[in-house]
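Let chain V serve as the given structure and place chain R on it in line with the hints.
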Amino acid sequence: MTRNARFVDERITLKYGTGGGAMRALIEQIFAKGLGEVEDGIGLAAMDDGAAIRIGDQYLVIATDSHVVQPIEFPGGDIGRLAVSGTVNDLAMMGATEPLALTCAAIIEDGFPRDDLMRIWESIRATCEEAGTTIVTGDTKVMGHGELDGLVLNTTGVALTTRLVTDCGLQAGDKILVTGTMGDHGLAIMATRNELALETTLESDVAPIHTMVRRALEVGGEGVVALKDPTRGGLSSALHEMAEKSGVGIIIDETAVPLRDEVRAVGELLGIDPLVSANEGKAVFGLRPQVAAAVLDAVRSHPLGRNAAIVGECVAERPGFVILDTGFGSRLLAEAEGELLPRIC
Amino acid sequence: MNPNEAFAQLKFRDPERARGLRDALDRLVHQADHAPVSVMHVCGSHEQAIAKFGLRAAFPQDLQVIMGPGCPVCVTDVPEVDEAVALAKQGVRIASYGDMLRVPGTSQSLADAKAEGAKVDVVYSVTQAVELAREHDEDIVFFASGFETTAVATAAVLVDDPPDNFSVLSAHKYIPPVMEIVAEMPETKIEGFLAAGHAATITGSAVFEKFVERHGLPVVIAGFEPLDVMAGLVKLMEVINSGEPRVENAFPRCVTREGNVHAQKLLWRVFRATGGRWRGIAHVPNGNLRLRDEYAKYDTRKRFTIDASALWGYAPPKLVQQCQCGDIMAGIASPSDCQLFGKECTPDTPVGACMVSAEGTCKIWHQYGGRPDLRSIKRGAA
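First to last, the protein sequences are chains V and R.
The numbering of the first sequence is numbering that gives the first Met the number 0, which starts it at 0 and goes up by one.
The numbering of the second sequence is numbering that gives the first Met the number 0, which starts it at 0 and goes up by one.
Treat the hints as calculated values from the structure; they're not laboratory data.
Heads up, some of the hints might be wrong.
As the list claims (entries may be wrong) - Not the full set, but computed from the structure, chain R residues with beta-carbon under 7 Å of chain V:
1) Phe-52
2) Gly-53
3) Leu-54
4) Gln-60
5) Ala-110
6) Tyr-367
Said to hold, decoys possible - In silico lysine-lysine, DSBU-like type, Cα no more than 30 Å apart, as pairs:
7) V:Lys-32 to R:Lys-88
8) R:Lys-296 to R:Lys-88
9) V:Lys-244 to R:Lys-342
10) V:Lys-14 to R:Lys-317
11) V:Lys-14 to R:Lys-264
12) R:Lys-264 to R:Lys-301
13) R:Lys-113 to V:Lys-14
14) V:Lys-14 to R:Lys-342
15) V:Lys-244 to R:Lys-51
16) R:Lys-264 to R:Lys-296
17) R:Lys-118 to R:Lys-301
18) R:Lys-342 to R:Lys-51
19) R:Lys-51 to R:Lys-88
20) V:Lys-140 to V:Lys-32
21) R:Lys-317 to R:Lys-118
22) R:Lys-296 to V:Lys-14
Claimed, not checked - Sample of chain R residues at the chain V side, in silico, Cβ under 8 Å:
23) Pro-14
24) Ala-17
25) Ala-50
26) Arg-55
27) Ala-56
28) Ala-57
29) Pro-225
30) His-261
31) Asp-347
32) Gly-368
We put the CB at the ideal spot given by N, CA and C, even for glycine.
Only chain R is shown next, with the shape it has when bound in the complex:
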């Protein structure tokens, strides 16, 4: 990898151009016929960009940019974690992404199981999990998390004849259905969505057209550099003000209307969408991606009898009952509303899943200082 190429990417960080976009955003929010205007993004990477560059302090006072359920690790539900923990305690070797190890289940996380001697390996990609299977004679279960973007990578491995001792415990999630749920929640007054550019690279912008028709809410696809986020919000405000909801692509350097058709075919060849719970949010029809019957030999749930009932005899710890992750992921609350945030709940000692994952709202806010609203600070001597 060449660092100079990485540096060339940083050209999307010109503060001068950001000021122009900020002025445009100010004007558009001012022109809206009501205040405040609330919009939602559904991606941890968008929250990363907003927090890292301090964009919330630059947004107009009357624009609320809310993070929705955009962290796949955070929405992995307790029973899914329990399945992995139960398997690990049965002696099966589990491989998963680092963040998934610390997500709490009913009584334990995978990290807890590992501390007690279970075989749990951290991998950076599904191919690394396959390599692990090639190196070992025993079964390797890949506990897979991620949205449709990551699920394509899992699919690509499964169509490529992985070894027989490899299987997938899928906790993959599909984003479009959860947008419908959040759009209909009575507590949220969302007027438009910023959709994730990387996911749309695969699904294409067309995937949101029916959503716009059904809910009358605009969707703008945006990238992840600070200028991308600002430009996406400007476009979203334009569409909101126009009163004609539609899909707009503010990330055309990567996203097309059709998307990556090859990847989509791969995704749906291996996975089917089925209903299931997302942690803290709701039952999401078609929100979970599970392996099709054709790939049953690689489906952990079909290969093993998983008995998680032994984990259920525990009352949830007291702190967990105060955790507001669910409301935060639904966009109803923000981390600063939570009593535990930055006190009992820190990245060192996470109470909820949102403080575990690098894409969780709480972890991101904590990483970048915890309190976003710095609009009022005055410079100079007191």
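Just chain V, same shape as in the assembly:
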């Protein structure tokens, strides 16, 4: 399965936005052509969570993210909290855990209620405060009624770091750690939308997690060899990217993956695997075995990491593949394809 070998279709369909192989093909074949090279750092071609440009003995890390979630206010959060957290977390995934500042651009549909906008900006302000950052510039556009659905937000963030963490440093024997329960965001959104009219208490996990990541990096040091946030495409997409870029296979113990009972049950009802469902307040770490236990303790000591667990390890066989040990047997974990969950973030 060479996931990037396919050609981009004549029309860009929803599947190109789901964070899987189709999107990677789009970036490689169109967006990254003749653009994005960084001499001493990380550019577009690396397709990491952000870019890094060397400035003296530090790196300037830049990450950007657009948000189109529907509904714009959902259990556990809203598009504003998502926009701040998403970019702060992308910076952290590069090792830059002290966000200097964010920008925020808003595209608003004609007729959008002022009160809704005020609520969302209050949420942005509160999340910035929680994350210890602020919005220093922005842009505003209004489009005609029906030309977009409500509100689209784009945020960009910058931060400095002396050490970069990529998503491609894994080797056989390394451990995989997740910082909490998987699939919460995706299934919370899905449950609000599904025709089955489920009554659930599911909540999105959306939160800025850079302080938790900082704690892990302080303890793990050079033993933290890969870092990624399992957003669209969930744990499965994050692991596939890490496995492919690092040239290792990854074995995951399904029974060790933390899952809320309700997420498991709703996933079962809707036929959606929580492992391909989005998270907005979690990270996946690749760790040298010597530091794994200490990093696990450090993450668990943070309020957002209490459910963290070591869920798997890397092997030399089957590079680029993710193998799921179900407790009954084992199979390959597939990536989500098609329009499983459009407009999830």
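Just chain R now, with coordinates in the frame of chain V:
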């Protein structure tokens, strides 16, 4: 719907108990007087459970568990799809299950017809199709697929005086006869069948007794949780090793010998079994369920003149000629034997019906990673 009730169902997923069953299965396959032993299940839901829980990697090396013709959408034959497509192109509004829209006919699928402007609605149940008929003045044709389990639902609607503008284009299939066909195929060396628990809930286990007599092959009825599948296989190996073929019920929490007699009466009051082709497999005597004459007013084939001949002037596309769905459904080949699997043929761009339906072998294998045999992976640093 309460998610906590759904969670309570998951108790049939205890890996500890699965290990006990796996050891028993190992022992029984080892005790057989030959190797390998080949058994067949005839249900997409069994394949779902086997693939989702990675059971193939846990089966003994010398046990081959083959998926037979267990996907009703996949075995819907080209002329049946052509009938629906022709009607749709004549301007008749068609309602059907989502999977049926993408099943290829001679030149087009219902989805193709819809893209060209035909009126095609996706429904989740036959009752939803009836509601559609109540909402519209025009004719609604329900293109019905499914085995005897689903056919009962269609029957229940037809005895309940649906509106006059509602009719059924039946592609319903009946499983027991096709088991006879597959049992006699020279290429398959099947030594026993795992029968589908949900279908047996309706037909009862007794429906398989004559089959066992005629073919000397055991049948074990099994449910769909991973422990059900493992327990069913253990029971099947016990019967194979005993040399005394019989019917065993490994799903007694739902299935009885008599089955759901009310549902059976309903099924045969509305439908009759008649011979017909199953896509990729063969002509199956008594394998198709068609409406009885008493229900002619709801029989699309009797109400409309369907002329599908305009669809026949097309040579099948080149890729379709390489498709191995037929051999896969007969249990002679597996998806990994097919050149197209995972390359030209994916759920996004299906070539054959097995990649279309959620119950098709190819779709299931693709969904769960494509290659089942992971027995050899070693852990730890290289």
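Consistency of the hints with the structure:
no.: 1; hint: Phe-52; in the structure: 4 Å, holds
no.: 2; hint: Gly-53; in the structure: 4 Å, holds
no.: 3; hint: Leu-54; in the structure: 5 Å, holds
no.: 4; hint: Gln-60; in the structure: 13 Å, violated
no.: 5; hint: Ala-110; in the structure: 14 Å, violated
no.: 6; hint: Tyr-367; in the structure: 5 Å, holds
no.: 7; hint: V:Lys-32 to R:Lys-88; in the structure: 44 Å, violated
no.: 8; hint: R:Lys-296 to R:Lys-88; in the structure: 22 Å, holds
no.: 9; hint: V:Lys-244 to R:Lys-342; in the structure: 22 Å, holds
no.: 10; hint: V:Lys-14 to R:Lys-317; in the structure: 26 Å, holds
no.: 11; hint: V:Lys-14 to R:Lys-264; in the structure: 46 Å, violated
no.: 12; hint: R:Lys-264 to R:Lys-301; in the structure: 23 Å, holds
no.: 13; hint: R:Lys-113 to V:Lys-14; in the structure: 21 Å, holds
no.: 14; hint: V:Lys-14 to R:Lys-342; in the structure: 17 Å, holds
no.: 15; hint: V:Lys-244 to R:Lys-51; in the structure: 26 Å, holds
no.: 16; hint: R:Lys-264 to R:Lys-296; in the structure: 20 Å, holds
no.: 17; hint: R:Lys-118 to R:Lys-301; in the structure: 21 Å, holds
no.: 18; hint: R:Lys-342 to R:Lys-51; in the structure: 21 Å, holds
no.: 19; hint: R:Lys-51 to R:Lys-88; in the structure: 39 Å, violated
no.: 20; hint: V:Lys-140 to V:Lys-32; in the structure: 29 Å, holds
no.: 21; hint: R:Lys-317 to R:Lys-118; in the structure: 29 Å, holds
no.: 22; hint: R:Lys-296 to V:Lys-14; in the structure: 43 Å, violated
no.: 23; hint: Pro-14; in the structure: 3 Å, holds
no.: 24; hint: Ala-17; in the structure: 5 Å, holds
no.: 25; hint: Ala-50; in the structure: 6 Å, holds
no.: 26; hint: Arg-55; in the structure: 7 Å, holds
no.: 27; hint: Ala-56; in the structure: 4 Å, holds
no.: 28; hint: Ala-57; in the structure: 3 Å, holds
no.: 29; hint: Pro-225; in the structure: 5 Å, holds
no.: 30; hint: His-261; in the structure: 28 Å, violated
no.: 31; hint: Asp-347; in the structure: 6 Å, holds
no.: 32; hint: Gly-368; in the structure: 2 Å, holds
Comparing the model with each earlier hint shows violations of hints 4, 5, 7, 11, 19, 22 and 30; every other hint is respected.
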